[in-house]
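Enquirer: Protein chains in written order, with this note's numbering: chain A, 1 to 262; chain B, 1 to 268.
Since the hints were derived computationally from the structure, they do not count as laboratory data. Virtual Cβ for every residue (Gly too), placed ideally from N, Cα, C. Please note that a few of the clues may not be correct.
Claimed, not checked - Okay, derived cross-link-like pairs now, DSBU-like style, lysine-lysine, Cα gap no bigger than 35 Å in a straight line:
{"#": "1", "chain 1": "B", "residue 1": "Lys45", "chain 2": "A", "residue 2": "Lys117"}
{"#": "2", "chain 1": "B", "residue 1": "Lys205", "chain 2": "A", "residue 2": "Lys152"}
{"#": "3", "chain 1": "A", "residue 1": "Lys189", "chain 2": "B", "residue 2": "Lys61"}
{"#": "4", "chain 1": "B", "residue 1": "Lys205", "chain 2": "A", "residue 2": "Lys189"}
{"#": "5", "chain 1": "A", "residue 1": "Lys174", "chain 2": "B", "residue 2": "Lys45"}
{"#": "6", "chain 1": "A", "residue 1": "Lys174", "chain 2": "B", "residue 2": "Lys205"}
{"#": "7", "chain 1": "B", "residue 1": "Lys61", "chain 2": "A", "residue 2": "Lys117"}
{"#": "8", "chain 1": "A", "residue 1": "Lys152", "chain 2": "B", "residue 2": "Lys45"}
Claimed, not checked - Chain A regions said to be covered by chain B (calculated; three or more residues, Cβ under 8 Å):
{"#": "9", "segment": "90 to 102"}
{"#": "10", "segment": "118 to 132"}
{"#": "11", "segment": "150 to 159"}
{"#": "12", "segment": "171 to 185"}
{"#": "13", "segment": "189 to 200"}
Each chain, written out:
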Amino acid sequence: MKRFLTPLAAGVLALSLAACGSDSDDEPKSADGSVTTIADGKLTVCADVPYPPFEDFDKSSPTGFKGYDIDIVQEVADHLDLELVVRDADFNSLQGGLEFATNKCDLGASAMTITEKREEKITFSDPYYESMQSLLVPEGSDIKSIDDLDGKKVGVQKGTTGESYANDNATGAKIVIFPSDGEMWPALKGGQVDALLQDLPVNVEHEKAGGYTIVEEYATDESYGLAMKKDSPLAAKVNEALDAIRESGRYQEIYDSYFSAK
Amino acid sequence: MTKKNRQRLTRGAMYALFVVVLIALATTADWESIRTNFFDEAVWKDLWPDLILVAAWNTIKYTALSFAGALALALVLALMRMSPVAPYRWLATLFIETFRGLPALVVIILLAFGVPLAFGYNWPEIGWLGLSSNTTGGILALILVGSAYMAETLRAGIQAVPKGQAEAARSLGMSAPRTMVTVVLPQAVRVVIPPMTNEFVLLLKDTALLSVIGMQAVERDLLAFGQNGLTTYANSSPLMAVAIVYLLIAIPITQLVAWMERRQQKAR
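Turn these sequences into a full structure, and let the hints guide you.
Expert: So, in structure tokens, the structure goes:
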């Protein structure tokens with residue numbers, strides 16, 4: 001009997017120890033003013049890739065990723081004196097806060113609009129991008145504005161501000177919900193939808209490809225923020241970094257390199 | 001200590017271990033965080049009644065359509081596979097190998113996006129079933145994939161019927177098709193019921209893939225509905241609600257089939 005019970009007792013002990021252990025180190029703390037992140041000396045940033053031009057894969061870059069969001073967090077990481085690590089994540093688990101609550105990422109940088117609902121679960125940095133929506137149609141289409149969408153099919157992305165904008169403003173339109181631009185774009189080319197309503201920069205990319213044109217742009221009074229664990233002490237550091245980047249002019253440089261050369 | 005006593009003690013210790021591990025897990029889990037993230041009552045209430053009237057209904061509809069279509073096509077494929085005419089066998093083998101080897105997601109995208117892009121042909125909208133043209137294409141894809149699996153299951157079932165049965169029927173003067181329909185197939189059905197139940201459940205969950213080709217709000221299946229809730233509420237509770245509904249659909253059906261099977265075994 002004893003032979004059997006000893007490993008059992010040891011097992012239970014180990015289990016309870018492990019449970020205690022995990023509690024002590026899950027909050028980044030900064031006793032000496034430096035930042036504590038989930039991996040020592042590294043800033044782990046999660047993004048739902050690809051979503052050009054905000055995030056995309058890039059074999060030639062040291063992180064393996066490129067894009068507006070990546071450039072911004074690279075600056076933040078440099079400012080905090082941390083090495084940038086980028087991880088591909090699912091947008092749903094990012095915006096629901098699961099990635100942060102389970103300590104898989106320090107920051108979420110994924111073209112994420114700051115909303116009240118999301119703020120219940122995660123803490124956002126100060127805005128780093130003002131989002132615009134836009135309507136893309138094939139050249140020569142008789143859709144000239146959002147009012148012409150009555151009875152037409154318009155593609156939107158699941159769970160995005162584009163979807164809610166279409167729901168609120170595209171009266172009479174048949175709103176078709178896609179998981180991402182990767183499916184919406186072939187659907188527009190194949191004629192299964194008549195228009196796409198989504199973030200301006202994504203549609204700009206399609207317009208550049210030719211054959212399609214943006215007929216309207218919409219200001220939504222919404223902006224993107226970097227996401228992190230609820231009430232994370234990291235927020236203050238990130239905001240400091242964002243301020244510094246703005247003051248140094250580097251922010252404008254990055255912004256212009258993606259969004260001004262239309 | 002007698003051998004019997006020792007056995008009894010060992011077994012007791014096993015139960016004790018099981019209980020201790022359960023208690024250890026239960027006390028170390030963060031229940032409050034599980035509750036607010038996965039079982040938020042306010043969110044669950046909000047999902048009602050669309051969870052059943054739209055999402056569950058669509059999932060059942062897509063599953064039923066693709067299962068029925070796949071079963072019919074699978075029977076044809078299985079018979080072709082066993083045909084004495086060689087080109088039929090080749091064709092069936094090629095079809096089965098192709099669609100069994102491809103991920104369902106790829107077939108769905110190929111049919112729903114590839115065909116319209118390549119040929120400018122859009123699948124028909126089936127209004128009375130509430131299927132838009134993409135969904136029709138997607139269900140066709142599920143039928144192709146499902147039938148490839150089912151054809152092999154059916155063939156195994158048909159071949160499991162002893163040859164003597166067919167020979168006896170033929171010697172009584174039955175035609176070959178008649179023999180197949182009245183003697184071989186009814187016996188094959190008994191054999192294939194358990195694997196067919198598996199195919200059904202797989203198909204039930206594969207309908208979730210249809211959301212990649214785009215869905216209007218009224219077309220959402222359970223998983224798309226759950227994921228939509230995930231983004232709306234920034235909370236995983238909708239996924240849990242959807243998971244329970246999937247179980248509520250799958251378990252009664254598989255239990256019904258198991259009951260039918262037991263009854264048949266008795267009748268045998």
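Enquirer: Hints first: check each against the structure and report whether it holds.
Expert: Cross-check of the supplied hints:
1. As the CA atoms of Lys45/B and Lys117/A are separated by approximately 17 Å, the hinted pair is consistent with the 35 Å bound.
2. Restraint check for Lys205/B and Lys152/A: the C-alpha separation of about 31 Å stays at or below 35 Å, so the hint holds.
3. A distance of roughly 29 Å separates the Cα atoms of Lys189/A and Lys61/B; the hinted pair therefore holds under the 35 Å criterion.
4. Restraint check: the Cα-Cα separation between Lys205/B and Lys189/A comes to about 29 Å, which is no more than 35 Å; the hinted pair holds.
5. A C-alpha spacing of about 27 Å is found between Lys174/A and Lys45/B, which places the hinted pair at or below 35 Å, so the restraint holds.
6. This hinted pair checks out: Lys174/A and Lys205/B have alpha carbons roughly 26 Å apart, not beyond 35 Å.
7. Annotation: proposed proximity of Lys61/B to Lys117/A holds, straight-line Cα distance about 33 Å (limit 35 Å).
8. Only pairs whose Cα atoms come within 35 Å are accepted, and Lys152/A paired with Lys45/B is accepted, the gap being roughly 32 Å.
9. Residues of the segment 90 to 102 of chain A with a Cβ under 8 Å from some Cβ of chain B number 7, which satisfies the need for three, so the listed coverage holds.
10. Restraint check on the segment 118 to 132 of chain A versus chain B: 4 residues with Cβ-Cβ distances below 8 Å, three needed, restraint holds.
11. Proximity of the segment 150 to 159 of chain A to chain B, defined as three or more residues with a beta carbon under 8 Å from a beta carbon of that chain, is established by the 3 residues found.
12. Closer than 8 Å: that is the beta-carbon criterion, and the segment 171 to 185 of chain A has 8 residues meeting it against chain B, so the requirement of 3 holds.
13. Coverage of the segment 189 to 200 of chain A by chain B holds in this model, with 5 residues showing a Cβ closer than 8 Å to a Cβ of that chain against a need of three.
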